[in-house]
Amino acid sequence: MRDTFVDTTTALLADDPRTALVLADISAGLFVPAADRHPDRVLNVGIREQLMVGVAGGLALTGLRPIVHTYAPFLVERAYEQLKLDLDHQGASAVLVSVGASYDRPEAGRTHLSPADVSLIDTLHGWTVHVPGHPGEVAPLLRTAVAAETSAYLRLSVLSNDRPLGGDGALQVVRDAGPGAPLVVAVGPTLDAATAALADLPVTVAYTNRPRPFDTAGLRDRAGTEVILVEPYLAGTSSRVVSAALADRPHRLLALGVGREELRRYGSADDHAHWHGLDASGLRRSVLDFVSPALR
Amino acid sequence: MTATTTTTAIAEAAAPLDGRPPVAPLLERIRAGREFGANVYSTIDVLQVLYHRVLRVHPTTVDDPDRDRFLLSKGHAVAGYYAVLAAAEFFPADWLDDQGGPASRLGEHPDRMLVPGVEIGSGSLGHGLGLGVGTALGLRAQGRLEPRVYVLLGDAELDEGSNHEAITYAGTNSLANLTAIVIDNASATHGWPGGPAARFTVDGWTAATVDGRDHDALHTALTGHDGNRPHVVVAVVDPKED
Chain B
1 MRDTFVDTTT
11 ALLADDPRTA
21 LVLADISAGL
31 FVPAADRHPD
41 RVLNVGIREQ
51 LMVGVAGGLA
61 LTGLRPIVHT
71 YAPFLVERAY
81 EQLKLDLDHQ
91 GASAVLVSVG
101 ASYDRPEAGR
111 THLSPADVSL
121 IDTLHGWTVH
131 VPGHPGEVAP
141 LLRTAVAAET
151 SAYLRLSVLS
161 NDRPLGGDGA
171 LQVVRDAGPG
181 APLVVAVGPT
191 LDAATAALAD
201 LPVTVAYTNR
211 PRPFDTAGLR
221 DRAGTEVILV
231 EPYLAGTSSR
241 VVSAALADRP
251 HRLLALGVGR
261 EELRRYGSAD
271 DHAHWHGLDA
281 SGLRRSVLDF
291 VSPALR
Chain U
1 MTATTTTTAI
11 AEAAAPLDGR
21 PPVAPLLERI
31 RAGREFGANV
41 YSTIDVLQVL
51 YHRVLRVHPT
61 TVDDPDRDRF
71 LLSKGHAVAG
81 YYAVLAAAEF
91 FPADWLDDQG
101 GPASRLGEHP
111 DRMLVPGVEI
121 GSGSLGHGLG
131 LGVGTALGLR
141 AQGRLEPRVY
151 VLLGDAELDE
161 GSNHEAITYA
171 GTNSLANLTA
181 IVIDNASATH
191 GWPGGPAARF
201 TVDGWTAATV
211 DGRDHDALHT
221 ALTGHDGNRP
231 HVVVAVVDPK
241 ED
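Respectively, the protein sequence lines represent chains B and U. Just so we're aligned: the first sequence equals residues 1 to 296 in my numbering. Just so we're aligned: the second sequence equals residues 1 to 242 in my numbering.
Misleading hints may appear alongside valid ones.
Partial pick of chain B residues on the chain U-facing surface, computed with a CB cut under 7 Å [claimed, not checked]:
| id | residue |
| --- | --- |
| 1 | Thr-62 |
| 2 | Asp-88 |
| 3 | Gly-91 |
Don't read these hints as lab results, they were simulated from the structure. Where is the CB? At the ideal position from N, CA and C, for every residue including glycine.
Using the sequences and the accompanying hints, generate a full structural model.
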């Protein structure tokens, strides 16, 4: 996904003189050709994340469209007040692109884990959040985000589904169990594990790579009584949105995702998916526990 | 702050010799009987020199991409700022009468989305210089070489580490269209041994440290950039009283 991001951003910088890129050393080596061609619009501020976002705000105030990129915890958590004040409070906007989603690099430990990023962005108003599930989804999402006027967060991951799914962010039904069936909404790279886990169960599986704004109309169209969220970041991040969308209907909601507890374990991304119950066996167990009365 | 310097500042503000509209009555209007801290008076001289003699921005050019930008980073120094902006007719003086009211556009910290002529919303310390660096970079990237970006900070505000990210980057990258102004009322809890200017010059900025009450000295300092490097003006005023 990062390679696609680099190629697409390099092309955007060449095509649109309003586009600028702000870096804090991460990925700077991949943007050397772009920096050589556009030295005034490819700005690596060094390991200075507060300045990175402040610079993005200033660039936007002069009419440029900044893309801001670094590792997720440093982009969103370390510089959170700059997002709130140097972008939103100024009426300025930017496109944030992170690498290092949740447990993409678990051997690095807690400092490089960032399951809370989407929750933090969700405290802000009017942001679009894209969580691509495959490298093939990155370019159109990035181009759409840069072409818009509002702020967006594009969350890249080393985890991926086998095939890209296009679409405009609306819920896409990938397996239809008919009216009234429990609805599973899988976000980004969780889709393959969800479909594998639930293949023989009478549940509808829908996909989105745009959790904000959440497709609440699509949710209302498809949802019966049971809704199951499967998100690759903090469990419950989208619960408030689903609850609000279905406030006028009796419903039950199961929100699966990354847990809050610091595990203090290294290992692989697969290990962490297992520990957080986001692998196929874990998802199957959680979903069965939740819907088994209906299945019986 | 001695009574004498305060009186002198108010007298100048009340009756400018060159026919400019007086700021002092507007400051009194916004004060509305409240007790102002010394920080209000310590900033107003710099603001007057900037808006009367330095900045190329007027109420009719607040959206002109080639205007100079003034970013008030220490957003609590707002009363003098509002008075100077009102005197220059960026907004109606009537607005001063209801600061902080439910329908007011004027808060205890300025909001660029609410007040014409205000370039940034500020209040949380340590945000203006980063925004100023980005603004200066954005102007440069678009070939706008005439406008200059001025950011006003306080010496205590320099405690925030974000400023030092910006100072080093601007200096080592020769961001020549940027001027920082530090109002030095010796209010930083742990001080700046050697003076605030040293924190800038070590990274390649030019610097001038002047009497923050002396309008001619301020004018010389505020126009003293060399065109190749960022510039800092340290305006020394009376130490803050505890």
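Per-residue hint verdict: Gly-91 of chain B, partner chain U, C-beta under 7 Å | holds (5 Å)
If you take the shortest Cβ to Cβ gap from Asp-88 of chain B to chain U, is it below 7 Å?
-> violated (10 Å)
Go through the hint on Thr-62 of chain B and say holds or violated, using the shortest Cβ distance to chain U against 7 Å.
-> holds (3 Å)
Checked against the numbered hints listed earlier, the structure breaks hint 2 alone; every other hint is satisfied.
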